[in-house]
Amino acid sequence: MSRKPTSGGDSAYERTLAEARRSRPEELDWKRVESRLLARLDREPAHTPPRHARWLGVGVAAGVALAASVMVLVMSLRDTPEPTAETPVLPVDSANLVSATKVESHTLTEGRRFVAGVGGTKVKQPGLADWWLTPGSSAEVKALQPAVVIQLQAGTLYAQVVPSAAPESFVVEVGGLRVAVHGTAFSVTREGDDALVRVTEGVVSVGKLGQVPTTVLRAPASARFAATGARAGVHRQRRGNVSVVEPEAPPAAASALQSDDASTDRPLPNEPTFESVELGLAVTEAGLRDCLREHAAHAGSVKLSLHTRVTQKVDADGSLAEHRFVPPLAPALQSCVDRRFHDVRFSASEVGALVIRDLVIEP
Amino acid sequence: MQLFRRHRDDVVRLVHRMLGPSADLEDMVQEVFLQVHRSVAAFRGSARFSTWLYRVTVNVVLMYRRTARSRPKFALETEAPTLVDGTPLPDELVVRDARVRAFYHLLERLSEKKRTVFVLHEIEGLAPSEIAQLVGAPVLTVRTRLFYARREVQQFLADEPDLANLSYEVEERLSAQISRRSI
Numbered sequence: 001m002s003r004k005p006t007s008g009g010d011s012a013y014e015r016t017l018a019e020a021r022r023s024r025p026e027e028l029d030w031k032r033v034e035s036r037l038l039a040r041l042d043r044e045p046a047h048t049p050p051r052h053a054r055w056l057g058v059g060v061a062a063g064v065a066l067a068a069s070v071m072v073l074v075m076s077l078r079d080t081p082e083p084t085a086e087t088p089v090l091p092v093d094s095a096n097l098v099s100a101t102k103v104e105s106h107t108l109t110e111g112r113r114f115v116a117g118v119g120g121t122k123v124k125q126p127g128l129a130d131w132w133l134t135p136g137s138s139a140e141v142k143a144l145q146p147a148v149v150i151q152l153q154a155g156t157l158y159a160q161v162v163p164s165a166a167p168e169s170f171v172v173e174v175g176g177l178r179v180a181v182h183g184t185a186f187s188v189t190r191e192g193d194d195a196l197v198r199v200t201e202g203v204v205s206v207g208k209l210g211q212v213p214t215t216v217l218r219a220p221a222s223a224r225f226a227a228t229g230a231r232a233g234v235h236r237q238r239r240g241n242v243s244v245v246e247p248e249a250p251p252a253a254a255s256a257l258q259s260d261d262a263s264t265d266r267p268l269p270n271e272p273t274f275e276s277v278e279l280g281l282a283v284t285e286a287g288l289r290d291c292l293r294e295h296a297a298h299a300g301s302v303k304l305s306l307h308t309r310v311t312q313k314v315d316a317d318g319s320l321a322e323h324r325f326v327p328p329l330a331p332a333l334q335s336c337v338d339r340r341f342h343d344v345r346f347s348a349s350e351v352g353a354l355v356i357r358d359l360v361i362e363p
Numbered sequence: 001m002q003l004f005r006r007h008r009d010d011v012v013r014l015v016h017r018m019l020g021p022s023a024d025l026e027d028m029v030q031e032v033f034l035q036v037h038r039s040v041a042a043f044r045g046s047a048r049f050s051t052w053l054y055r056v057t058v059n060v061v062l063m064y065r066r067t068a069r070s071r072p073k074f075a076l077e078t079e080a081p082t083l084v085d086g087t088p089l090p091d092e093l094v095v096r097d098a099r100v101r102a103f104y105h106l107l108e109r110l111s112e113k114k115r116t117v118f119v120l121h122e123i124e125g126l127a128p129s130e131i132a133q134l135v136g137a138p139v140l141t142v143r144t145r146l147f148y149a150r151r152e153v154q155q156f157l158a159d160e161p162d163l164a165n166l167s168y169e170v171e172e173r174l175s176a177q178i179s180r181r182s183i
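So the protein lines, in turn, are chains F and Z.
So in this note's numbering the end of the first sequence lands on 363, straight run, no missing numbers.
So in this note's numbering the end of the second sequence lands on 183, straight run, no missing numbers.
Simulated from the structure, these hints should not be mistaken for laboratory data.
Please note that a few of the clues may not be correct.
[What the hints assert, rightly or not] Derived, one-sided and incomplete: chain Z residues facing chain F with beta-carbon distance under 7 Å:
# : residue
1 : PHE103
2 : ILE123
3 : PHE147
4 : GLN154
Built from N, CA and C at the ideal position, the CB exists for glycine as well.
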């Protein structure tokens, strides 16, 4: 004998609560969480010392800062060769910018413009990113939410971005280019209409503004890009410090991802790489955003946003076998997404993967 | 890291219960242990470590929710998981997940203080005296918030017959499937 449906009485209350209690959190990749946590802890400042030691520390720090300032001044008077695409350079160490103007995150506002003086400018955004402008560089904060977007107008920006589950938490726009970051250390230098991108940790994706990324740079690598998004040449460092310059390549579709992977001579990993999954999701999100924008054009003055869970089945060859959305998308939106996702590729692997991510899309 | 390995399951469970299935658990867990790292020196042992860790976790979650609330919001196209009638019966787990999500969506209608107390008591199973320690309020205040929160949630459920009936429908359809198979 079955129970009658209730209209929301006590039994529904108890049943729903029981279900909420039984609900289990998703399985996390604890190794990954731990390594990311360690990376963040490494960047944490040391604990505040006891009061009696604090003044001693201040004295020592002042002495070191004075000495470092003198060194920076002396170094700046010497001719320093401009780094080129042929010589990948590590991002500047914060110690070299000890006399930099420091900017705290709470003073950051959209539209704020920075012109770095002699010591450069350092911006700290705890938990998100630390970024520096070299002396004479200028940049403007275009957005702080949902991602930090910095428009580099001149010079060089170095950034160390904290890995985040949210893709593309930090973006640099330079000319007509968009350099999106997936938790990494990198630099962007504006040279006329070109941009020189150097990556020392992690992965960045580069593409034209308003379009899906066309190139992925995996550390250690540097590449020069024209404002059209065309890649002039990629310089990769392999194991044993042997450098290989890839031939000039026209910007391909998002499938450039796989070709980048194919250039490596390592055995296939069991699953697609984390970076490739993040980038694939970033491409998915960008496509979904474009489709929503088209869809929203018919909505008049009503602003729409989309909350959905996407499940993507990735085959071993990196192709997208299937994608599903819960709750389902409107038919027009779904067909738009189907068209756009045709070319999404992940890195090749032994067994492929099932990728699940909750997305919040605003056009 | 020993601390992390020993307590991570408790933290992830509490975050999941406070935020619901759509929470970005990985980020939140990192944030909690970052806070623990920053302030463990201030832990003087006057309370149990687990209580202190609970308090840190609750504070991180509340801070996250406060930040999320301050972001601009627009009219939503699909605000909550939609429970659509007439569609083929999906996997039971998916339905259960959708139902729990819908329930957490209902809880968003509670005030933050009532929601916190409600989740900690009714879902996490903490006693009002423990909750009082965590949220820094008198036990009587916790009990009062709990009383009103329960009443409001019951009213929300009464206003959402779809959610209340879904369990019944799923059970009906599943038992029908099972009986067909046994025939």
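Are any of the numbered hints broken by this structure? If so, which, sorted upward? Checked against the structure, the only hint that fails is number 3, while the rest are satisfied.
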